[in-house]
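Listed below are the residues making up each chain.
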Amino acid sequence: MTWTRKHLLDIESLSAAEIMQVLETARTFKQVGERAIKKVPALRGKTVINLFIEPSTRTRISFELAAVRLTADVINFSTDSSSLKKGETLKDTARNLEALSADIIIIRHSAAGAPHFLARFLDAHVVNAGDGAHEHPTQALLDTFTILEKKGRIAGLNVTILGDILYSRVARSNIWALTKLGAKVTLCGPATLVPRVFEEMGCRVTHKVDEAIENADIINLLRIQHERQRKTMFPSIGEYTVLWGLTKQRLEKTKPDVLIMHPGPINRGVEIDSQIADGTRSVVLDQVTNGLAVRMAVLFLINGGVDAQGAAPSVADPRLGKN
Amino acid sequence: MTWTRKHLLDIESLSAAEIMQVLETARTFKQVGERAIKKVPALRGKTVINLFIEPSTRTRISFELAAVRLTADVINFSTDSSSLKKGETLKDTARNLEALSADIIIIRHSAAGAPHFLARFLDAHVVNAGDGAHEHPTQALLDTFTILEKKGRIAGLNVTILGDILYSRVARSNIWALTKLGAKVTLCGPATLVPRVFEEMGCRVTHKVDEAIENADIINLLRIQHERQRKTMFPSIGEYTVLWGLTKQRLEKTKPDVLIMHPGPINRGVEIDSQIADGTRSVVLDQVTNGLAVRMAVLFLINGGVDAQGAAPSVADPRLGKN
Amino acid sequence: MTWTRKHLLDIESLSAAEIMQVLETARTFKQVGERAIKKVPALRGKTVINLFIEPSTRTRISFELAAVRLTADVINFSTDSSSLKKGETLKDTARNLEALSADIIIIRHSAAGAPHFLARFLDAHVVNAGDGAHEHPTQALLDTFTILEKKGRIAGLNVTILGDILYSRVARSNIWALTKLGAKVTLCGPATLVPRVFEEMGCRVTHKVDEAIENADIINLLRIQHERQRKTMFPSIGEYTVLWGLTKQRLEKTKPDVLIMHPGPINRGVEIDSQIADGTRSVVLDQVTNGLAVRMAVLFLINGGVDAQGAAPSVADPRLGKN
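Taken in sequence, the protein lines are chains A, B and C. If you read the first sequence in my numbering, its first letter stands for residue 46, the second for the next number, and so on. If you read the second sequence in my numbering, its first letter stands for residue 46, the second for the next number, and so on. If you read the third sequence in my numbering, its first letter stands for residue 46, the second for the next number, and so on.
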């Protein structure tokens, strides 16, 4: 299949086949990551700009390393010292970066829709690295990649997402990806954070944690996002843990082969028991490793990575050859 | 002509022939920027340090990309986390960077003369990326490059610089470059910001905006620099716009082929009407693109880029060959 | 000799032979630094992460350049924008970086023992870039390298360390390195900052500056570390200079070939007279230059740089060949 998208803005607009193409390409790049020299020349001479208007060290580093592994030149641009403070609009900032011949602009922004806005007027490729409470597509792709890697399939699996769904771009992107690929998604958490309206996205909504986890093949725990909650949506952190945290007692009631996922950073002892985070069912660090392969795949594909015959890259592809 | 300068400290001390040599070299590098792989090995193994004691994201990124395109290794050093806070002198900081084998130090500093000060004791090459209200030579070179590219000549053109001249290093460097190359420069703005003393630099000074723009071939609009104005030099932003801003009404009174320039970042609706900034006469984004080529040329020339015969590089030069 | 250590955590646990192996390897890398193209491909495709939880521009840049010269990919991770603020533990941060396939993590941390803590659970190599008041091993290695380069030997030399010993990781690491290599170490400074307990490390302790410096072959002046002194340990900066600063009068009483060292950044006019810092006996900038070679050697050795026969690299080693 030939990849045709210029940007990666969200999961909502991707087809199941497109999602699968990213995951298959990522599998190739994961193999590249196991070589002694992990770099490939696919983006040699290309300029990738990390435009992070909302701070995020992990995601920025993951994208930076993905681009570096593809031999791109990477420039980091964060708000801390930016001319946005001098009153420049986001549009002007982005057009300036393009005028500096940026080939790919990776944007994180606190406003939902910011990447789509840039894509409307830029010639450069745009990748959404998280926009407000809207979407975080590469997180959903790496989560889906990890499930596929560990379970061998997505369709028919029961995936429970537990926590702050309302304000979570991770949840939204995961719901889109998982339902498109045929998984059954259950959402659970405080009623204030998990409204029934999510049923319209094809999910089951429940506010009973035991019910949510008992048949789950995957439990994806979200971080409590204090910074995104304008007013308190639950009484206290301690009460959240008692009512919704994944404790050892609760884990005992789950399937023995359940996968425990978390987008990080983890609040140990809040949404997840510390021993569970480090336990054999946890794939939290696999998610991080897979994020690198998935982001390499995304940068590779939007840059036109598929060859004239529409073949996905194999490890024998000269563009993935020695640097 | 053989380039003989070790540093680029200002425009004032350059000859017209030297300015033209930078612009011609930049033209070659602009062609390099249109290749599929935009990098050349001219500065391979060289270390370039961006020493930005005054924050500036755009200029820093432009220099960083210019150095990266020349295959230099680039280190960013900004005040935010610097040992300058621990009481180290600028001289010691610079000598330390040189001891770390910096080949080129690009300095931005709030104090006029800081680059000249460094050049007196360093063996490394020094490039002025803006020093106080004194000079910003690469900005003037990219502005001149853009005029030459669009108009085919500099001599005899009427260039109007409009706004805060007194505190503007951009204005000073432009005045030097333009008058050396034979343009007629008119300065205009509030009397408090455009004193008559600039006539000594060979400029016409007027405080009537209609008079300043009617015969202009180029109008270069400066940013209102709140941060550099210790006391208020004009009543209010709104009044500035009414009296000095480039509005549609004013644009109608200019030559039909006038070029509108601005060093950025733009205050839309203050010194320039938003539609004019995005209009066909505006070359604001060309300036940004040309900045990259001009800065590559500067780094290349001061590093000894001209060959033994004194020839400027051509695109056939092996140093500009494949990386 | 085959290098067997996976990490560089401290000097205390190194043997004299291991210290010498670093210094000999650094001598090779210093020669590489004198080539036209100073880069070698030894760490091509490896990822080095500068994890600086305590800010330090100089040490970060020195490590960054060392890694870049070895052709590694370097990612800078500092507290300013980190997820540590979101409540993530140091252990989780480090394991995440490793999951992103970091090969070497260089850590600076305000807590003594942080690098040892990371080394217990990481597969990645760990380098201590300064941990609290405990150790700063690469500083001691570069100091020792500089002494060896200038004096031709270490054994039997009289080395005086003057200043704030109690809170100084530089002092601790230097004491270990120098005593292991057979130097005689004298510690001097205010009694509050130079307690007698250091005699147990094999040093002479004196609170009389003239006695400390008269027979010294090397005087190593430490920075007054305001930030590490929880309460005032001496009356005032002015009084410190009078009582303990290296003034011209004091210098006259030293051996004519004494070396003056300082880890920087220098407080001119406080712990050292400005003219002495710039004088012929000062090797302060040599220390900075040698730091680059020493850090290249450390990264090279822990990454398994010694060949199958256990030979230290020579400049003819293909891994040190053209890039």
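No wet-lab data here; the hints were simulated from the structure. It is possible that part of the hints are untrue.
Straight-line Cα separation of at most 25 Å, DMTMM-like style, residue types lysine to aspartate or glutamate; simulated pairs [to be verified]:
| # | chain 1 | residue 1 | chain 2 | residue 2 |
| --- | --- | --- | --- | --- |
| 1 | B | K195 | A | D137 |
| 2 | C | K136 | A | D168 |
| 3 | C | K136 | A | D323 |
| 4 | A | K136 | B | D331 |
| 5 | B | K293 | A | D318 |
| 6 | A | K75 | C | D323 |
| 7 | C | K195 | C | E99 |
| 8 | C | K196 | C | D323 |
| 9 | B | K51 | C | D148 |
| 10 | A | K195 | C | D168 |
| 11 | C | K75 | B | D148 |
| 12 | A | K136 | B | D168 |
| 13 | C | K136 | A | D331 |
| 14 | B | K75 | A | D168 |
| 15 | A | K136 | B | D318 |
| 16 | C | K195 | B | D168 |
| 17 | B | K51 | C | D168 |
| 18 | A | K75 | C | D148 |
| 19 | C | K293 | B | E133 |
| 20 | B | K136 | C | E79 |
| 21 | C | K75 | B | D168 |
| 22 | B | K75 | A | D323 |
| 23 | B | K136 | C | D318 |
One side of the interface only, derived from the structure: several residues of chain B facing chain C at Cβ under 7 Å [what the hints assert, rightly or not]:
| # | residue |
| --- | --- |
| 24 | P86 |
| 25 | R89 |
| 26 | E133 |
| 27 | L135 |
| 28 | A144 |
| 29 | L145 |
| 30 | D302 |
The structure displayed is predicted, hence computed values, not measured ones. For every residue, glycine included, the Cβ atom is placed at its ideal position computed from N, Cα and C.
Evaluation of the provided hints:
1. Of the pairs offered as hints, the one joining K195 of chain B and D137 of chain A holds, with about 22 Å between alpha carbons and a cut-off of 25 Å not exceeded.
2. The hinted pair formed by K136 of chain C and D168 of chain A fails the criterion: a straight-line CA distance of about 41 Å is larger than 25 Å.
3. Restraint check: the Cα-Cα separation between K136 of chain C and D323 of chain A comes to about 11 Å, which is no more than 25 Å; the hinted pair holds.
4. Note on K136 of chain A and D331 of chain B: the hinted pairing holds, with a Cα-Cα distance of about 16 Å set against a maximum of 25 Å.
5. A C-alpha spacing of about 63 Å is found between K293 of chain B and D318 of chain A, which places the hinted pair above 25 Å, so the restraint is violated.
6. Note on K75 of chain A and D323 of chain C: the hinted pairing is violated, with a Cα-Cα distance of about 53 Å set against a maximum of 25 Å.
7. A C-alpha spacing of about 32 Å is found between K195 of chain C and E99 of chain C, which places the hinted pair above 25 Å, so the restraint is violated.
8. As the CA atoms of K196 of chain C and D323 of chain C are separated by approximately 19 Å, the hinted pair is consistent with the 25 Å bound.
9. For the hint linking K51 of chain B to D148 of chain C, the alpha-carbon distance of about 39 Å lies beyond 25 Å, and the restraint is violated.
10. A threshold of 25 Å between alpha carbons decides the hint, and for K195 of chain A with D168 of chain C the separation of about 22 Å falls inside it, so the pair holds.
11. With a C-alpha separation of about 16 Å, the suggested pairing of K75 of chain C with D148 of chain B holds against the 25 Å cut-off.
12. At roughly 41 Å between alpha-carbon atoms, K136 of chain A and D168 of chain B are farther apart than 25 Å, so this suggested pair is violated.
13. Between the alpha carbons of K136 of chain C and D331 of chain A the distance comes to roughly 16 Å, so the proposed pair stays at or under 25 Å and holds.
14. Simply put, K75 of chain B and D168 of chain A have alpha-carbon atoms about 19 Å apart, close enough for the 25 Å limit, and the pair holds.
15. For a cut-off of 25 Å, the pair hint linking K136 of chain A to D318 of chain B stands: about 15 Å separates their Cα positions.
16. As the CA atoms of K195 of chain C and D168 of chain B are separated by approximately 22 Å, the hinted pair is consistent with the 25 Å bound.
17. This hinted pair does not check out: K51 of chain B and D168 of chain C have alpha carbons roughly 47 Å apart, beyond 25 Å.
18. Our distance criterion of 25 Å between C-alpha atoms is met by K75 of chain A and D148 of chain C, whose separation comes to about 16 Å.
19. With a CA separation close to 21 Å, the supplied pair K293 of chain C and E133 of chain B stays within the 25 Å bound.
20. Pair hint K136 of chain B plus E79 of chain C holds up; C-alpha atoms about 24 Å apart against a cutoff of 25 Å.
21. For the proposed pair K75 of chain C and D168 of chain B, the alpha carbon gap of about 19 Å is at most 25 Å, so the pair holds.
22. Of the pairs offered as hints, the one joining K75 of chain B and D323 of chain A is violated, with about 53 Å between alpha carbons and a cut-off of 25 Å exceeded.
23. Straight-line distance between C-alpha atoms of K136 of chain B and D318 of chain C comes to about 15 Å, which keeps the hinted pair within the 25 Å bound.
24. The closest approach between the C-beta of P86 of chain B and any C-beta of chain C is roughly 9 Å, which is over the 7 Å cut-off, so the hint fails.
25. Using the Cβ-Cβ criterion of 7 Å, the hint placing R89 of chain B at the interface with chain C is satisfied: the shortest such distance is roughly 6 Å.
26. With 7 Å as the threshold, the beta carbon of E133 of chain B comes within range of chain C, its nearest partner Cβ sitting at about 4 Å, so the hint holds.
27. The closest approach between the C-beta of L135 of chain B and any C-beta of chain C is roughly 12 Å, which is over the 7 Å cut-off, so the hint fails.
28. Below 7 Å, beta-carbon pairs count as interface contacts, and A144 of chain B has one with chain C at about 4 Å; its hint therefore holds.
29. Because the closest C-beta pair between L145 of chain B and chain C is about 6 Å apart, less than 7 Å, the hint holds.
30. For D302 of chain B, the interface hint is violated, the least distance from its beta-carbon to any beta-carbon of chain C being 46 Å, above 7 Å.
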